[in-house]
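Chemist: Once you've looked at the hints, go ahead and assemble the two chains, each given alone in its own frame, into the complex.
So the sequence lines, in the order shown, correspond to chains A and B. Throughout the first sequence, residue numbering follows our numbering, covering 1 to 188 in sequence. Throughout the second sequence, residue numbering follows our numbering, covering 189 to 922 in sequence.
In short, the hints are calculated from the structure, not lab data. Please note that the accuracy of each hint is not assured.
What the hints assert, rightly or not - Estimated spans, in silico, between C-beta atoms of each pair:
| hint | chain 1 | residue 1 | chain 2 | residue 2 | range |
| --- | --- | --- | --- | --- | --- |
| 1 | A | Ser-18 | B | Arg-910 | 26 to 32 Å |
| 2 | B | Tyr-591 | A | His-93 | 28 to 34 Å |
| 3 | B | Gly-820 | A | Thr-133 | 36 to 42 Å |
We treat Cβ as the ideally placed atom computed from N, Cα and C, and that holds for glycine.
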Amino acid sequence: MLKMWMLLFVIGSVLLGSGSYIQVKAVAAQWMLEQAWDNAMEQHSLNATSPQKPWPWADTWPVAKLKLGASNEMIVLDGVSGNALAFGPGRMHGTGQDGLVVMAGHRDTHFSTLKTLALGDEISIQSSGGVWTVYRVSDISIVDTNTHMIDMSTENVAQDQLMLVTCYPFDALQGGGPMRYVVTAQVI
Amino acid sequence: MENRLTSSNKEMWRWQALRDDIFMLLAIFLLLTGYSLSAQAVESKTISLNQVESGRLLFNRAQANDSSIKYDPATLLSEEVDIVVSGLIVTARLKQQFKNDTNDWLEAVYAFPLPENAALYLMEMKIGERVIKGEIKEKSQAKRIYQQAKKAGKKTSLVEQQRPNLFTNNIANIPPGETVEIILEYNQVLDYQHGAFELRFPLTTTPRYFPGQKISGLEIAVDTNTGWALPTDQVSDAHLISPFTVPSSSLVKPSHNVSLQVEINTGFSVDSINSTSHSIVVKTEESRNENTYKVSLKEGETAMDRDFVLAWEPQAGASPKAALFTEMWNGAQYSLLMVMPPQQLPGDMTLPREQVFVIDTSGSMGGESIRQARMALDKALNSLKPSDRFNVIEFNSTTHSLYSSSVPANSRNIKHALNYVHNLNADGGTEMASALEAALSGNVYPGYLRQVVFITDGSVGNESALFKQIEQALGESRLFTIGIGSAPNSYFMRKAAEMGRGSFTYISDLNEVETKLEGLFKKLSAPVLSDLLLSAGLDSENDQFESYPSLTGDLYLGEPVIQVIKHKVQEGEQNKLTETLKLTANSIGLQHSHTPLWEQSINLAGAKQAKGIATFWGRQKIESLMDAKNLGTTSNEDVRQQVIDVALEHHLVSPYTSLVAVEQVVSRPVETTLRKDALPQLSPKGSTPRMAHFPQTATSSQLYVLLGLICYMVGIGMLYQRRSMISLKELQDA
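Pulled out of the complex, with its shape left as it was, chain B reads as follows (with noise of 0.2 Å):
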């Protein structure tokens, strides 16, 4: 009986014991689920993280293929580029294609950039085989073809000037997984300093600071899809000028890839063709008087997220003195005139300069553009003689002076000014304007020659009004730019040392900075010549010829006089061949004159036969109505129509002239819709906007507590374990 008993009790303690268990797992089981499905019920929020957001990007780190934000392009862009350097004369031929690679009918919107000199006349639409012309149209004209085509659902395409150097191109209607290719053409009078000839060609842009006050999406209507900017109260076009930045390691499919060819025919023997920008492979075609040289690049295409630049140098001894090239052009003739001035200055010429630095330490210098610039400064401190002046201006969001005024360059000074150099960093907007005034403002420290050497990568939308205040505040100081980074604004550079009567240098290479400052620094002597004219040699009056750009600036070491002219031809005096270009300058160094202290005259008999000279005088004539109206010495109106008549009768885009291409063919069903896709730009290369690792964010506790619960049940578990045992044994002894 007892042990009949025992032995049910010991079933039963037994089956309490399994119980208890079951018990705790489920306790267990139910903890852990209760816990994730708290958290699953909070989870079902989808998220898509294929877009770009606008405004801040979250860069990659590595170029790891898993990251979870990447950019999807709805439009893939792949150029072409043929570059064909004749003489001084640069043409160049682009194809850019746009492949739709989505199911809507797009409207694509590419804002690229060009040389800031470039004069572009030609744009093409090909569809297939079939190619349609883009003519010339005042601005809201065309803008209104292009609409209308829009709307209809026929293909079109407009090609509009933002800045001389960055334009915008629209293409409407383009259909699923089809492509449409843009084709450009452009001509620029090359570069040639120191003895050697530089080719830039711009495949992106560093973003643009936008100063001022933002103006409210109520106040006007833009579409603020085509950039990262809203209009500010002194740019009221940032939201065309702002194209969004995105990194090339974060493009899901093959985008933004250009292959490029550069042929060069100089008429003389080239020595050392180099790119300091990419990897290039040279191939020389003899022929019987004249070498041809055609570069490509070694990898075939590269990614468009910096400048090409292209560099040689003329053999020893071969170097151009003097170059004249006519084109016969619409009854007219054209010449394009380069003179290389004596690059000898009398010795006893060079004042005590005072020297100011500015550096741009703006957010968009961040990475390898800061390294340059810090480098690029060290060395013109370390090369200022003890009689000089010297200051250094920092400025970003904020303007701050080194001295409050310029102090005497000796070893103390320089190696205080070395110090602050190396400790900046490139952080904020960039406020040019009041780091301008701080570096222009005051008197000249007397006897002195102040040349403020600015160094920056011009990424600002207010160009036109920091010409306009670099012309009024000049007075006895001259302006040098050094252009830095993968991508720096040409435009900036080049025009702001015109209104400085200075130079522009650019350094793309941290590599580069030495060789390129010597040449600036030999500059900065002192100008060659200034009050230069240019007169017709056989008779004195004006109007023979109308030539740009204006000769109102100095001439320094190493830079030639470029002038076009467009010759006036009367009646009853077709040929002007016979006419002398006279060239004369009043000043040599600091020597001036009344009379010419130089003197050099150019037989038009001589002259090459050249294309495109034409046009490029019409895009200087341009650029010269323009700077008159930045300027406010011509009135808005009269400008716009002068700007209009050259840029009709030259078929070329302007700030007031657009091309557009329509095809008459409707393609897109007017009941589809068309979506609209703002193409971005490759963020250049070595930026390094300022970046944060994210913190951590999160404790164990709850882990704690869970596991703490579970070391409890467990513990629970095996006291009741325990204690029923102990019950058992009780029982078993009783």
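In isolation and in its complexed conformation, chain A is listed as follows (with noise of 0.2 Å):
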């Protein structure tokens, strides 16, 4: 009974950990992320163009700067591993050039803002030179990445669109599963 009881505590203490730890870890790195931001975009001004990594051993550094809303401002990595993921939304490797920018974060931390947002509200993104592009949610949708891919070509978008992707539902308490919340946004 006693090692029963101290058993349960000691993996409740492993998960409460490791769950708080990604959230505490999202929250964390974001002023971090702030910072290598600043960075990035004074070393802009300078015209260097080696990316400005958050600390020495990262695999990602920060593209841009996200704002939903009125509220909310994050950066965003380069790339959608996990790794990059874990410390803030990622932009997708071979968007971001022309037409279409993809994001994607994870919908328990820092992309769980997107079900506040509606058609019709204002998403900015901040590029390392500092200019702000706003774009305008066109469309909502639920799709199931079983039967889904993201169109990524650009030669047919009438307007530069932005794509943010979490998971959904978002109340869901496992991760992996096969449905996005995909949010459109066109320039304005």
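Modeler: And the structure:
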């Protein structure tokens, strides 16, 4: 009996710890990223091109600043690997050059606020040059990744688009489900 | 006493333990419900998923039926096509059925392709058993008639030309649940090259690319419902020629299916009728002196997601060398002349060549198309002789040349180029102008014949600007186009080659690459005939007839001379049947002369009667006028008036004339509203827009936290229970 409750406490602590660690990491990393972003903008004005890593061993770096609605600023990282998404939303490789930007974030951390976005809301993105681009939400969809993919071709797109992707449903406890919540916004 | 106390204590502790258990369960319960409640609070938003979003489709990866984004068409489209080939003339009758599948009154807008040289002369609107004939009117007048009828609630239909190979059909006031059928009829001259006939019937288009700056919505009033693109400063009608495309697997209801029949009456026996695009069934009906072949689709009907391509060859020895057909129409005589020049070239005339291969690697080439293009280029590179020079230019949003100028075709350079070609991928825009500039600029390498081989699907919206550029920059170069994919822009292919004094080739299938390129390589060795002239044999007066198309281009191996002629009938001289037509060429291969080196006379007396030649003459005259306008040699207003005159006389749809039909009965009650529905086209088969998997976007942090808390709760509970047991024991012991 003694061992049982102690074991439960240990397991509980590990679970609670790792769960909160993800949450804490998500919040704390953004503070460090802010700094790296400021550096990146500074570097940009100096015409340097080397990516500004937020910490020496990081395998990703800030590429943009994202503002959802009126509040909620966050730093967007390069790539959408699990490593990057733990610290902030990521920008998908191969997007962001022309026509289309795809950003993904965890539904339980940075992109939990996506659910509050409504059609017509504004989303802004700051490039490393400091320029803000404003988009307006034009569509919100839920898609099944078993049957859908992102069309990344840009030649048929009349307007520059931003696509924000997170997992769905928001209240699912476990990660790894097939559904995604996709917010599409058109540049204004 | 002690015992009683003990027992009451025991009961109390039991009660306490139970209470702890209940408390714990309650806590877990609260935790769980709290979670789901907080989640439900934000999930109340309803999202409709039955709409295809503009601009960016989330494509199906599989044809799974439960995918969340589906296209639910308001108008269901089905098409029946009957094509009759008689001699060299193709006459096609299309029945487009538009079924309103909603409870609203509908206005359907459908952009559809036709062959680039189609003369569209008939439109009928069929409602039940009633047929209303369409009239040809000046474009703005036709539009006004349509708008008025639409507003008044009358069923009406308007067919307009947007490009020579792209038309739009507007059908207003389709009642809920009912069907309106539009019947269209066109004719064209059959394509005949290298002794084989080829018939292409387009069923969809590859989405075009529109270069230039978008014109913002405030500056112009356009209806953006009809297309995904906004007008740009280079393509002002982009919104009209950019129909939405949906994969056929995303259609919720059966729509966009076509059934097709072709009847071939050639006048000679035919070998190997086959289709590279569809499975077909061929039936032969033998009669006394000629066979009729009836072709239909094996499956009865098919999705409208690719061009229908049918090819056949005359039996050995039966290849027509010359043919003449004639028609009397409205008091004038029209003739269609086909002459196949000699297929032998003098051996000493092959100049070394400088070949510039231009390959389109824009996004629309994605999938099957880029594979065909790479294979074609591979073959072309391997066919070069060591004495040739070559270069490879790749373009999408930007242009990249493999070499800064052409290099000798030695094995090292070819190997390098093959390697380069194998690594090409399709992505980005179609900025064709810079590629053409790179290919045509600079001087031709001295003593060499420069041939630009342009491999593309031609999916651009700024065709006329490109034609003008080709015409102006061509110089001594020659441009050959190779059309790739399930639904290439045939108008661009044909006209670009015409302006580039080369020829065009279609490759619709990987298996076809080899045979089609062989034909092209033969052509590339040298033009067979140039400086052609058509004259009336008896007297040399030039105004004896008016013939099209112009003969300024070169004629390559395997290509016939096609001329459609209107004979001028002079007073008192009704019978022209004794006239002789003479076709001459002052250049054979690379030999030039001031006197004809080749000559063929054709007597009109031997002409067969055929229908539709006058119509086709009108269509060719309009094309010739439009070319003059594009190249800026004639003023726009002159061209417009001349085109309208020809089009009205020959009842033809043109850039300035449209067909309009109005039912005189008012159908729609004025108080009901009319809903507009722009029909999509199906995405071309085999095209794979660049697609990516959705990233993984959730961790199980909440699950961890919750499980951790549960563990704590259970642990605490156990601890309580344990402590209560201990206390109980202590009490008992005491």
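Chemist: Check the structure against each numbered hint from earlier and tell me which ones fail, lowest number first.
Modeler: none
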